[in-house]
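Participant: In order, the protein sequence lines correspond to chains Y and D.
Numbering follows my numbering, in which position 225 of the first sequence is assigned residue number 225; successive positions increment by one, without gaps.
Going from the second sequence to my numbering is simple: count from 1 and add 312.
No lab work stands behind these hints: they were computed from the structure.
Take these hints with a grain of salt, some might be off.
Below, computed lysine to aspartate or glutamate pairings styled on EDC-like, alpha-carbon distance capped at 16 Å [said to hold, decoys possible]: (1) D:K526 / D:E508; (2) D:K507 / Y:E23; (3) D:K526 / D:D516; (4) D:K442 / Y:E22; (5) D:K468 / Y:E56; (6) D:K412 / D:D477; (7) D:K442 / Y:E23; (8) D:K526 / D:E511; (9) D:K412 / D:D562; (10) Y:K71 / Y:E56; (11) Y:K87 / Y:E170.
Next come the chains, spelled out residue by residue.
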Amino acid sequence: MEAASVKLGRGRKKRGKTFGSEERRLAALLLTPAMAVIALVAAYPIGYAIWLSFNEYSVRTPGLSRWAGFKNYTEAFGSSEFWEAVKNTFIFTGLSVTLELAIGLGMAIAMHEAFKGRGLLRTVVLVPWAVLTVVSAITWRTLFEPNLGLAPQILDAIGIGGDVVWLGQEGYAMAVMILADVWKTAPFMALLLLAGLQVIPDDVYDAAKVDGATTWQRFRRITIPLLMPAILVALIFRTLDALRIFDLPYVLTGGSNGTTTLSLIAHQELTTNRLIGYGSALSVLTFIIVMAVSFIYIRTVGGNIRSLAEEG
Amino acid sequence: MEASGGVVAPGAGVREGEKEREEARAAVRRGPRRNWVRPLLMTIAVVLICIFCLFPFYWLINVSLKTGSDLSQSDIFPPNPTLDNYDSIFKNDNFTSALKNSVIVTTVTTILALIVGSFAAYALARLRFKRKFLILALILSISTFPAIAIAAPMFKLWTDIGIYDTRIGLIIPYLTFALPLAIYILTSFFKEIPKELEEAALVDGATYFQAFRKVVLPLAAPGLVTAGLLTAFFVWNEFLLAVTLTSSPDAFTVPVSVANFTGSQKFEVPLGTISAASVVITIPLVLAVILFQKRIVAGMTAGAVKG
Numbered sequence: 001m002e003a004a005s006v007k008l009g010r011g012r013k014k015r016g017k018t019f020g021s022e023e024r025r026l027a028a029l030l031l032t033p034a035m036a037v038i039a040l041v042a043a044y045p046i047g048y049a050i051w052l053s054f055n056e057y058s059v060r061t062p063g064l065s066r067w068a069g070f071k072n073y074t075e076a077f078g079s080s081e082f083w084e085a086v087k088n089t090f091i092f093t094g095l096s097v098t099l100e101l102a103i104g105l106g107m108a109i110a111m112h113e114a115f116k117g118r119g120l121l122r123t124v125v126l127v128p129w130a131v132l133t134v135v136s137a138i139t140w141r142t143l144f145e146p147n148l149g150l151a152p153q154i155l156d157a158i159g160i161g162g163d164v165v166w167l168g169q170e171g172y173a174m175a176v177m178i179l180a181d182v183w184k185t186a187p188f189m190a191l192l193l194l195a196g197l198q199v200i201p202d203d204v205y206d207a208a209k210v211d212g213a214t215t216w217q218r219f220r221r222i223t224i225p226l227l228m229p230a231i232l233v234a235l236i237f238r239t240l241d242a243l244r245i246f247d248l249p250y251v252l253t254g255g256s257n258g259t260t261t262l263s264l265i266a267h268q269e270l271t272t273n274r275l276i277g278y279g280s281a282l283s284v285l286t287f288i289i290v291m292a293v294s295f296i297y298i299r300t301v302g303g304n305i306r307s308l309a310e311e312g
Numbered sequence: 313m314e315a316s317g318g319v320v321a322p323g324a325g326v327r328e329g330e331k332e333r334e335e336a337r338a339a340v341r342r343g344p345r346r347n348w349v350r351p352l353l354m355t356i357a358v359v360l361i362c363i364f365c366l367f368p369f370y371w372l373i374n375v376s377l378k379t380g381s382d383l384s385q386s387d388i389f390p391p392n393p394t395l396d397n398y399d400s401i402f403k404n405d406n407f408t409s410a411l412k413n414s415v416i417v418t419t420v421t422t423i424l425a426l427i428v429g430s431f432a433a434y435a436l437a438r439l440r441f442k443r444k445f446l447i448l449a450l451i452l453s454i455s456t457f458p459a460i461a462i463a464a465p466m467f468k469l470w471t472d473i474g475i476y477d478t479r480i481g482l483i484i485p486y487l488t489f490a491l492p493l494a495i496y497i498l499t500s501f502f503k504e505i506p507k508e509l510e511e512a513a514l515v516d517g518a519t520y521f522q523a524f525r526k527v528v529l530p531l532a533a534p535g536l537v538t539a540g541l542l543t544a545f546f547v548w549n550e551f552l553l554a555v556t557l558t559s560s561p562d563a564f565t566v567p568v569s570v571a572n573f574t575g576s577q578k579f580e581v582p583l584g585t586i587s588a589a590s591v592v593i594t595i596p597l598v599l600a601v602i603l604f605q606k607r608i609v610a611g612m613t614a615g616a617v618k619g
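Whenever a hint applies, use it, and build me the whole structure from the sequences.
Facilitator: Printed below as a string of structure tokens:
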């Protein structure tokens, strides 16, 4: 009996070994297509973009170029256009993500409390998320269009804006852009946070209630701390998206009236002005800013990735 | 113990200080009113959420039903509702060809992302090999790339090899940006399928591929639907690469086509027609949301709340 089991054990071990190498080969085979596509379209172009950013390209004669060193970068750092775009991008990101968190949290709590019709409410909330960003920009444009739009009248009635042409004035145009973004993405935030709320056990609240904690205390001392991981993930997802914003200013204002962003000026230099070197330098700078933020992202949600990578 | 604690706690609060006493009194005052205050507040909150989420899209539909001078008035209901705008966009070849391009690009990218993605996800969820964390982190970091960073090189590269302004020229970068999400969702779904089922199949003499195809894939169908939906949403919505890598209506996708309606004449924008086109390209997504709400939410939140 014992001998048999030892034999069996050995046999299994041996088989395990062959499985091991077969497994590794299979893993390599299965991962190759995905890794190849990623290398072709992410790694190689990024390297190429960095190369382009160190060169100057003739606008008149395509293909004519010369090494420019850091000239494109010093030009970017010396231009008011670049700093304007940096400022706008960060104002947009800061304000829209903060508002989305506040509204998303409110929506998530309301949805969590609503026992009836939660499924229906979730569908309703998904509608703005499903609307294309370009369409969201068009929608808010029609809402703020002079004469046609309803929003300026409503805002005027509560004493905001008066007869200002919203999309035609600095500050106001940014406000519309933020509003359009908040409308489209607060629901995404709400659904992530709702999922976080649903994993908090009811017992914790019951215990706090028994101990006499007020609604505010329960929110402040239980909901917020236990929801923190979900809040962080949602914040980081949204921040990375907001830093890359392109569609909204492109359609709403074309970048005029204080709404130009990093992605937008890089795109304009590349396509409209055909400044491939300078445009690439702006793209690389955008890339560096976003990567710096996503470094924080990997550190925050690294645990999630690691648990996905773990065995079993 | 617990019951007595509940009774004692408010009293203890009163003894401890003025503030707690005030709160306790407030709680007592609130007590009987709660029965109707809470449902009322909930109803108000739900109504507000519905208005906030649905009104802007309703407004777009409203504008799409207006023509002529109605477009310079802010009526909430179109005074003379007409389908003229819809009629004119479906007669517009640029728009209909953009619709066709978007359907093709979205379908092909989604199918490829599911095939390539489920291979990679199976390896990541099931097989044992070194540096798995590194590979997964690398794949996921792609999803944080700003598309603008690859716009210029892709433009040059595609021009050089002759696939600039083609559908395939969009499908390839879309596949790259869709894969991380698809792989992430599929990996977490594959991991939930009991390993024993495949092991039983392997012991019975099935190959890895047979175990994958006959055991894992059918069980992972919900995951495939979820990953497929989110991929399709991403591709249908993508704008920056579409506007950079195409230049003619032959390759324009719907967002580019709709945005170009606006771009051509800055001051006389045909808002009625643009709105109609916007509604048309959004309807499929809204239908998908109504039909697959649960699957979509599952995909959005996959992994986000596990940590």
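Participant: For every hint, state whether the structure bears it out.
Facilitator: How the hints compare with the structure:
1. Only pairs whose Cα atoms come within 16 Å are accepted, and K526 of chain D paired with E508 of chain D is accepted, the gap being roughly 14 Å.
2. For the proposed pair K507 of chain D and E23 of chain Y, the alpha carbon gap of about 15 Å is at most 16 Å, so the pair holds.
3. Between K526 of chain D and D516 of chain D the alpha-carbon distance is near 13 Å, which keeps this suggested pair within the 16 Å criterion.
4. Taking the CA atoms of K442 of chain D and E22 of chain Y, the gap is near 14 Å; set against the 16 Å cutoff, the hint holds.
5. Between K468 of chain D and E56 of chain Y the alpha-carbon distance is near 14 Å, which keeps this suggested pair within the 16 Å criterion.
6. About 15 Å separates the Cα atoms of K412 of chain D and D477 of chain D, which keeps this hinted pair within 16 Å; it holds.
7. With a C-alpha separation of about 11 Å, the suggested pairing of K442 of chain D with E23 of chain Y holds against the 16 Å cut-off.
8. At most 16 Å may separate the alpha-carbon atoms for a hinted pair to count; K526 of chain D and E511 of chain D meet this at roughly 12 Å.
9. Distance hint between K412 of chain D and D562 of chain D is fulfilled; the C-alpha atoms sit about 10 Å from each other, no more than 16 Å.
10. The straight-line distance between the Cα atoms of K71 of chain Y and E56 of chain Y is roughly 9 Å, inside the 16 Å bound, and the hint therefore holds.
11. For the given pair, K87 of chain Y sits about 13 Å from E170 of chain Y by alpha-carbon distance, which is consistent with the 16 Å threshold.
Hint check: no violations occur; every hint is consistent with the structure.
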